[in-house]
Each structure stands twice: as structure tokens, then as C-alpha cells.
Amino acid sequence: MNVVVCVKQIPDPAAPSALDPVTHNLDRSGKLILDDSDSYGVEMGLQLASGDGDEVILVSMAPGGETSGLRTALAMGAARAILVSDDALSGTDSLGTAKVLAAAISRAEPDLVLTATESTDGYTGTIPAQIAELLGLPSVTFAKKIAVDGSTVRVERQTEAGFDEVECPLPAVVSVTAGVVEPRYPSFKGIMAAKSKPVDVLAVADLGIEGGQVGSAGARQEVTDVADAEAREGGEIVVDEGNGAERILAFLEELKVI
Amino acid sequence: MALDNVWVLAETGEAGPTSLSLELLTKARTIGASVTAVAWGGGAAEHAAVLGEYGATKVYDLGDTGEALPGAPVASAMAALVEGGERPDAILFPASYDGRDVAGRLSVKLDRPVITNIVGMSDDGLSTQHSLFGGSQTATARFTGEGPFLYVVRAKSFAAESAGGGPAEVVQTAAPEAGPTAAARVVSRHVEERSGPKLDEAGVVVSGGRGLGSADSYELIEQLAKLLNGAPGASRAIVDAGWVPYARQVGQTGKTVKPNLYLACGISGATQHLVGMKGSKHIVAVNKDQDAPIFSVADLGIVGDVHKVLPALIEALKSR
Ligand SMILES: Cc1cc2nc3c(=O)[nH]c(=O)nc-3n(C[C@H](O)[C@H](O)[C@H](O)COP(=O)(O)OP(=O)(O)OC[C@H]3O[C@@H](n4cnc5c(N)ncnc54)[C@H](O)[C@@H]3O)c2cc1C
Ligand SMILES: Nc1ncnc2c1ncn2[C@@H]1O[C@H](COP(=O)(O)O)[C@@H](O)[C@H]1O
Numbered sequence: 070m071n072v073v074v075c076v077k078q079i080p081d082p083a084a085p086s087a088l089d090p091v092t093h094n095l096d097r098s099g100k101l102i103l104d105d106s107d108s109y110g111v112e113m114g115l116q117l118a119s120g121d122g123d124e125v126i127l128v129s130m131a132p133g134g135e136t137s138g139l140r141t142a143l144a145m146g147a148a149r150a151i152l153v154s155d156d157a158l159s160g161t162d163s164l165g166t167a168k169v170l171a172a173a174i175s176r177a178e179p180d181l182v183l184t185a186t187e188s189t190d191g192y193t194g195t196i197p198a199q200i201a202e203l204l205g206l207p208s209v210t211f212a213k214k215i216a217v218d219g220s221t222v223r224v225e226r227q228t229e230a231g232f233d234e235v236e237c238p239l240p241a242v243v244s245v246t247a248g249v250v251e252p253r254y255p256s257f258k259g260i261m262a263a264k265s266k267p268v269d270v271l272a273v274a275d276l277g278i279e280g281g282q283v284g285s286a287g288a289r290q291e292v293t294d295v296a297d298a299e300a301r302e303g304g305e306i307v308v309d310e311g312n313g314a315e316r317i318l319a320f321l322e323e324l325k326v327i
Numbered sequence: 015m016a017l018d019n020v021w022v023l024a025e026t027g028e029a030g031p032t033s034l035s036l037e038l039l040t041k042a043r044t045i046g047a048s049v050t051a052v053a054w055g056g057g058a059a060e061h062a063a064v065l066g067e068y069g070a071t072k073v074y075d076l077g078d079t080g081e082a083l084p085g086a087p088v089a090s091a092m093a094a095l096v097e098g099g100e101r102p103d104a105i106l107f108p109a110s111y112d113g114r115d116v117a118g119r120l121s122v123k124l125d126r127p128v129i130t131n132i133v134g135m136s137d138d139g140l141s142t143q144h145s146l147f148g149g150s151q152t153a154t155a156r157f158t159g160e161g162p163f164l165y166v167v168r169a170k171s172f173a174a175e176s177a178g179g180g181p182a183e184v185v186q187t188a189a190p191e192a193g194p195t196a197a198a199r200v201v202s203r204h205v206e207e208r209s210g211p212k213l214d215e216a217g218v219v220v221s222g223g224r225g226l227g228s229a230d231s232y233e234l235i236e237q238l239a240k241l242l243n244g245a246p247g248a249s250r251a252i253v254d255a256g257w258v259p260y261a262r263q264v265g266q267t268g269k270t271v272k273p274n275l276y277l278a279c280g281i282s283g284a285t286q287h288l289v290g291m292k293g294s295k296h297i298v299a300v301n302k303d304q305d306a307p308i309f310s311v312a313d314l315g316i317v318g319d320v321h322k323v324l325p326a327l328i329e330a331l332k333s334r
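Chains as they are written, first to last, in this note's numbering: chain A, 70 to 327; chain B, 15 to 334.
Think of the hints as simulated: they come from the structure by calculation, not from any bench. All figures in this text were calculated on a predicted structure; none of them were measured in a lab. Built from N, CA and C at the ideal position, the CB exists for glycine as well. Check the hints yourself; a few may be wrong.
Stated by the list, open to error - To spell it out: a stretch of chain B is covered by chain A in this simulated footprint if at least three of its residues, at any positions, have a beta carbon under 8 Å from a beta carbon of chain A; those stretches are:
id, stretch
1, 56 to 70
2, 126 to 137
3, 146 to 155
Produce the entire structure from the sequences given, and follow the hints as far as they go.
The structure is reproduced here in C-alpha cells:
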């Protein structure tokens, strides 16, 4: 079985993030890392594609030929990667990203495509369904458990009230939540092996996508303004010296909650 | 009014349209000259009175989608309406599991971009507001191309208000086409037990995070919530750890709550948590780290150990 895992490479969320003052795009000029949300898909893929001849293939779209995040996922055990990197992609929205990813994914002829439910820096959460529609595939979003049985994938899908058991024929697109599996840490051997694993770098033209479909023009939307939100009034901070509960009680009384 | 015809994807359950659907209908009234609801699941006719009351003059009833996951069949049926000559200027989608699936698929079918994570909208319906970096900044965005504009709106961005309208006219449409994209089927549904008020409707929410130290300590949160007639909530860290079910999660990928009082216990206050609770009227936080970001939004912050403060609070409440 071939499993494609979409992995996004993002600016380190621990570092302060900023929008470019002119374009209002997120500043992605620094080093990028593997989006933690996608490490769950990588682990799930590795567990599902563990037979002889099975492969996990990574697909990513990122600026500047960035591969550091891909190397992390390759070190976890993925076999190879397809990276789409092109200056023309700057400012691409979710639909344009999905078009690029779908075109790259179809090259790998997967039985299963895994994504996260949403990326840490973009969090539109629409890309999994868009990819599925572009590929003409069924999809199951918000998986908290996945099992493959022959040509069927069985998913426990989160719902407002609990979860649904869903069955879907392969090939399919499944988006995974952080609860789905515990990602492994890359081993030293894995990190060394990852250095020589193949990464296919493609441009937009290689995928047969017209320039007008992607980039800022393809996005057909713009950010017109970014402003500081009204800050909450700073409150009172009290160090507990055995009186913490009392202070809360007094506050609750003031609010007439009790 | 810049927009003529606004559609709202109205999700319904056994109890009728979801509160988010009613919030969207309310907003749709202010941005569009006429509001149409799109509903599925076989019960649209039953819900026409409520949908009409909140502003829809018409309901497209897509009929029963059976056991299929709704994303693909509902998007197909909506695309068929547009291709058949219907001209919505904008479509509002709830930021829910199925709402996002339908919006994503429809955007491909119509080749239109989607704007997501909307928390506010101008009265002409042409520009949208977005909360960035845990709510410290607000971005304004708009479409530059042709409609229909696809908008995915977060819960509790608008207050639902009845317009006192009569029942909406129900228009049956062809059963959603079930092609290969609609092959995902629900074989069984599991409902997790809950007692007390619903998390997103409760006047008091008591949430716990990793600072509780262990799953057993979540008991403190449940007791406290019960004593305050509130609902227990959680950070994602302890949902991922399997301590509590996902239905309790507050934040970016969980519920948006705006209670009168939010009590955060052992929660650091990551941006993804803050966006889900920053709109609460009053916030109290207990955290042993005085630099925890949660204190920046708290009206009252207690720098202390949850294992000392919470048991004392529970005892005091019990003895009242
Ligand atoms: C795409 C994406 C979506 C996300 N969505 C959400 C979401 O919807 N909701 C959400 O909550 N998070 C979400 N997160 C995760 C978020 O970034 C944080 O990781 C998470 O909120 C942290 O949970 P926490 O505060 O419980 O844990 P931690 O960050 O580990 O904080 C624990 C806190 O407890 C304090 N503490 C420790 N011991 C004690 C004690 N004995 N007494 C008092 N205090 C103590 C510590 O000082 C610390 O501040 C998301 C992340 C991503 C990438
Ligand atoms: N540039 C990208 N490269 C690879 N995968 C992506 C990219 N953007 C989004 N994805 C995948 O789609 C998911 C949803 O993304 P989003 O719609 O941005 O929230 C992400 O969690 C990834 O799995």
C-alpha cells in the first residue's frame, strides 16, 4: 500500500510570528520546521504501510526549496518526498494550495492520502476536502482512529457528541487529529538515513498548473488591514498564600455566580 | 445592501437547527436582501418554522443523505443548484466538521476561493474579520474576484436573534447525487455521556489543563463545575493525552465558549486556547507560573498550585 502524507513546513510556532506589513502574508523567510500536527499523519502512515513494498511518500509545498521539515519526516521512516517549491506560489490560498498538492499527490498514485485536520499557521481546515474533491476521492475528516482492512478504511470520526464509525473504500483522503497515534522520535540511524532519501523538487509548470490559478492572483482575496485588537483590561494577580480560594470565592460573590 | 441573495448552510439535529446555524441566519439578514437556508437530513420541512423565524424566506431541502458523510453529497447538490441557474452572492457555512467539508468541496466545484475563521463581518457582507495570534490582532479581508463568496464562520461570532418571521417556503431539490466521492458511510454513532449544561451554552465553564498532573485530578474540575452549575472544559493537551473526551476541548479546534465566568486551572494560555475562551465575560486563572500567558487575559489570577487552591475552593463551596 502506498500512503501519501501531506506535510506542511512552517515557521517555528515558538518563535514570535509576524505578518509582512505590505503583503500581509505570514513571514516565512526564516528556517521552517515540520508542522507538529502533521507528525501524527506521518506516524499513522508508517504504521499502516508496514508491509513489503509499502511506502510512505511525503508531499509538501514550501518556499525556497525548504526541506528541513521533510527531513524530519524522512528520518521518522518515510521513503521519499515530493516538494513543490516555486516563487510563483507566494500568497497562494487554500484552494490554490490544494490544486498544487492534488497534482503532486496524483503522481504518487496513493491508496490513502493523510493530512492533518488543520495546519498550525494557516488553519483553514478546508484543504483536506478540497484535495479529495480535486482528486475525485471520498474523504473522512477528523479521524481519531484509523484501520485499513483490505480495500476499506475504517475511521472513528470525532463529532460534536462523541464519534461516528465510518467506512470508506480506498483510495480515500483522511484527515487525522492529534489523538490518532503517538508519533515516534526519529532515531539517530533514521536521521542519518534521511540525508540520502530522494526528494523530488517540482515547479508549478511541472504539474501542468497555470500560473493564474496560484499565487496572490489565484487567491482572489486580500487582507486589507491588520490592527491590534482591543486588549482585555489587565486584572489582579495574587500569589496564593493560603488565601487563593478565598479570593476566588469573593470574586464569585461579586459576580453573583454564588 | 450590497448583496442580494445570501445562502446559509443550516445544520440541523434532533433538537432543530444548531445554534451556529441560527447565528448565521441572523447575520445573513443584515448583509443580504433575501436569505435562503440550505438543509439536509430529511427534516427540513419540520425545521422551516425556526429557519423562517430567524430570517430565511426559503429553504432548499436536499432530502435525506442516508448514511453518507454529508460533505460530498451536500456540496454536489449545492453545485447543481448554482449550475442550474441559482445565483447566491454569498454562502455562509458554519465552522463545524461537516460545514468545513461542504465548503471545501463546493469551492472546488465552483472554482471559488473560501475565506475561513471569520469572527466578524461588515454590514455590507463584503469584508470579514479574523482573530490572529490568540486574539491580540484583528485582520480584515475581502474577496477580489467574482462571487459566490464562500464564508466559513466561527461559532459565537454573532448573536442569534429571532426576526419573528413566518415559516420559510420549502423547496425540495433533487436528491444529492451519490458518486464515488460520497462513498464514506457512517456505520454507527457513539454519543458520550454528559450531565449538566452544554459546554458552549453554560454560564460558567471550569477548564483544566496539563497542570492538573494526572487524569485522576480532572475530578477536581468536574466537582467544581457541578458546584457552580457549570460545564467542565479542557485544553487540548489533556484531550490528546486521553484524560477527557474531545467534546470537552475549548479552543481553535474545539469549542468556542463565551460564558459569564471562565475558570482556567493549570492551563498555560496558548494562543489556540485563548481564541476559544477570550470572549468570556469574566476570566479567573489558577497557575503556578506567574508568567503564564493565561494571566494576560485574567480578571483575577491566582499564582498557586491547583492541588491546593481547588480542593480549598471545593470545600468552601460545599460548606455554604
Ligand atoms: C493547530 C493547533 C490547534 C490547537 N487547538 C487547540 C485547542 O483547540 N485548544 C487548546 O487548548 N489547545 C490547542 N492547541 C494546543 C496549544 O497550542 C497548547 O499546546 C495547549 O493549549 C496546552 O495545554 P495546557 O495549557 O493544558 O498545557 P501546558 O501548555 O503544558 O500548560 C500547563 C500549565 O499548567 C501549569 N501548571 C503545572 N503544574 C501546575 C500546578 N500544580 N498548579 C497550577 N498550575 C500548574 C504550568 O505552569 C503551565 O502553564 C492547538 C495547537 C495546534 C498546533
Ligand atoms: N503547503 C502545504 N504542504 C503540505 N501539506 C499542506 C500544506 N498546506 C496544508 N497542508 C495539509 O493540509 C492540512 C490542512 O491545512 P489548512 O487547510 O491550512 O488548515 C494541513 O494540516 C496539512 O496536512
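These are the hints, each one checked on the structure:
Given as covered by chain A, the stretch 56 to 70 of chain B fails the check, having 0 residues with a CB less than 8 Å from a CB of that chain where 3 are the minimum. With 6 residues carrying a beta carbon less than 8 Å from a beta carbon of chain A, the stretch 126 to 137 of chain B meets the three-residue requirement, and the given coverage holds. Counting residues of the stretch 146 to 155 of chain B whose C-beta lies closer than 8 Å to any C-beta of chain A gives 9; at least three are required, and the coverage claim holds.
Hint violations for this structure: number 1 only, all remaining hints satisfied.
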